Structure formats: C-alpha cells, structure tokens
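Novice: Please model the entire structure based on the sequences and the hints provided.
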Amino acid sequence: MASGASAEQSQHHCSSINSSSPLMQGSLPTLTLSGKIRVTVTFFLFLLSTTFNATFLLKLKQWTQKKEKGKKLSRMNVLLKHLTLANLLETLIVMPLDGMWNITVQWYGGELLCKVLSYLKLFSMYAPAFMMVVISLDRSLAITRPLPVSTSKLGPSLIGVAWLLSSLFAGPQLYIFRMVHLADGSGQSDGFSQCVTHCSFPQWWHQAFYNFFTFSCLFIVPLLIMLICNAKIIFTLTRVLHQDPHNLQLNQSRNNIPRARLRTLKMTVAFATSFTVCWTPYYVLGIWYWFDPEMLNRVSDPVNHFFFLFAFLNPCFDPLIYGYFSL
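For the sequence shown, the residue numbers in the working numbering are 136 to 462.
Note that these hints are calculated values from the structure, not bench results. Among the hints, erroneous ones may be present.
With a straight-line cut-off of 20 Å between C-alpha atoms, the simulated PhoX-like cross-links for lysine-lysine are [as the list claims (entries may be wrong)]:
1. K401 to K216
2. K216 to K196
3. K171 to K196
4. K194 to K171
Since the structure is predicted, the reported quantities are computational estimates derived from the model, not experimental observations.
Specialist: See the structure below:
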C-alpha cells in the first residue's frame, strides 16, 4: 500500500523520540517563577469560580422554593442552571488539573488517568460553550418567533443536545492521549513521562484536521451563532421600537414584559462579550502555535501564562452576569 512507507517512517519517528527529543538534551521542563505565579492564580480563580457558581445554584434553588408549589422553573432559569453546572464542571476539572500538572511538570497519573482526565477536560470545555449557544438560540427564538408552545419544548431538547454533543466530541481524547516515557541520556526509559498525543495520528493532516475541528467547535462556531442571534434580537427590537414603542411587549403575558425582554437581551449580549473577550487571546495563541511552533521561542512564558489564565475568567464572570441581570 502507498501508506506503508509513511507508516514505517512514523513508527521510526516515534521510536526515536528517546534519542532525538530536545527534552533529552538537558532541557527538561521545570517549574519556573512564572509557572509558580500561574499555579497560584489558577487556584485563586478556582476558589473564586467555585464560590460564585455554587452560590448562584443555591440562590436559584431558593428562588424555586419561594415560588408556588408545583410551579416549574422558567425556561430562562433552567438554561441558567445548566450553564452554571457546565461552568462548575469546567472549574472543578480544568483548573485543578492545570494547576497540579504545572506543579508536577511531568505526568504521574498513569495511562488510565491520562486518557480519562483528557476526555473530561475537553468535555467540560465543550459544555459551557454549547450551553451559551443554547441560551443565544433560545433568546433569539423567544423574541423573533414568539411561539411559547414550540419554544418550551425546544429548550429541553437543545439542552440535551448540548450535553450529548459535548460527550461525543470529547470522545477521541480517550484514544489519542497516551503516556510517553522519554529516556535519559543513558537510555533509561524512566527519565521523564508525559501525557501527550504523540504518534496518535497516522498522518500530520489528521492531527491538523482534529485540531481545527476542536477549535471550530469550541470557539468559532459558538461565537458565530451568538453573534448572529444577538444581531437578530437587536434588529427585531429596533424595528419594533421604530414602528411603535408600545409594541415592545412581545410575547405579552405580564405588564413588565418589555423590561424583562430587554434584561434578557442585555444578559445574552454580556454572555457573548465575556466569551469573546476571555477566550480570544487563548485561541489566537493556539492558532499562532499551530502555524508557527517556533512562536514559543519568541513569546515569553509570562505572556503565555497570562493569556491562558485570562480564559479562566469566563466561568468567574458568567455567574456575576446572570446574577446581576436575574435580580
């Protein structure tokens, strides 16, 4: 077969890591000062995000108990609950994993934990992004297509789809991540171990495609959907206001519906803004590294750490946003 030569080359390349890797030439990674600062800030944000999201869940439970018995949560509160759960999942998995991994530098968890935690990490990153997409779609449909019966059934379906896609899209992590043991200068295989995707892809473009797919699903697609939904909402409200300010009472069921609609609009825009501001620097660095791996030698470690930590602000900001607009 035509792929036989490339497979042999790939196998030779994988087997030669012990002798050719730069890590084996006196440049093993260590915990630097900037790394220690990153670990400290990571655990601080972990405590902050856990407190904020857990507090909002408790508040949401109290609001539910104060309502009449048998009355279900509003659709928006159900969406907020699932977004909070997704943020809490991301906080409890990604942040401690990143902090501990930076402390130990290499991987001590073994092959099974390497695969399982890599899966859970990506799953917990997909879930908040997809849940914000669900909120944007729901708010857009609630204002531009006021059909309470259909939208009330669509909301739970979209939530289920978001959780299902998160679990499915993270599935390849169980296959591509593995333990790699790098030999020291004497050829011993217990010199350094790491949890990586090395040699998991038969061809280089397989990994490129997977990286592009993950990047698109985590950032590009959610961002585009949120922007389109927000644009539709703003266009619809602007058109109604120009016709007759009193017609702002879309889906009229209460006297204060205009203020409620504007509040959910502002909250949805705030979600999109927080998502964009917090994650854009992280993914810009990722794309840069994707096309130019040598960028690591040109961008200082403190800058890399700062942009990575900036993404951790998103699950901290979200409970403040929907806590403020839900008062």
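Novice: Now look at each hint and say whether the structure bears it out.
Specialist: Here's how the hints hold up against the structure:
Only pairs whose Cα atoms come within 20 Å are accepted, and K401 paired with K216 is accepted, the gap being roughly 18 Å. Straight-line distance between C-alpha atoms of K216 and K196 comes to about 9 Å, which keeps the hinted pair within the 20 Å bound. Taken as a hint, the K171 and K196 pair is broken in the structure, with Cα atoms around 38 Å apart against an allowance of 20 Å. Under the criterion of a C-alpha separation no larger than 20 Å, the hint pairing K194 with K171 is inconsistent with the structure, at around 35 Å.
When the structure is compared with the earlier hints, violations turn up for hints 3, 4 and for no others.
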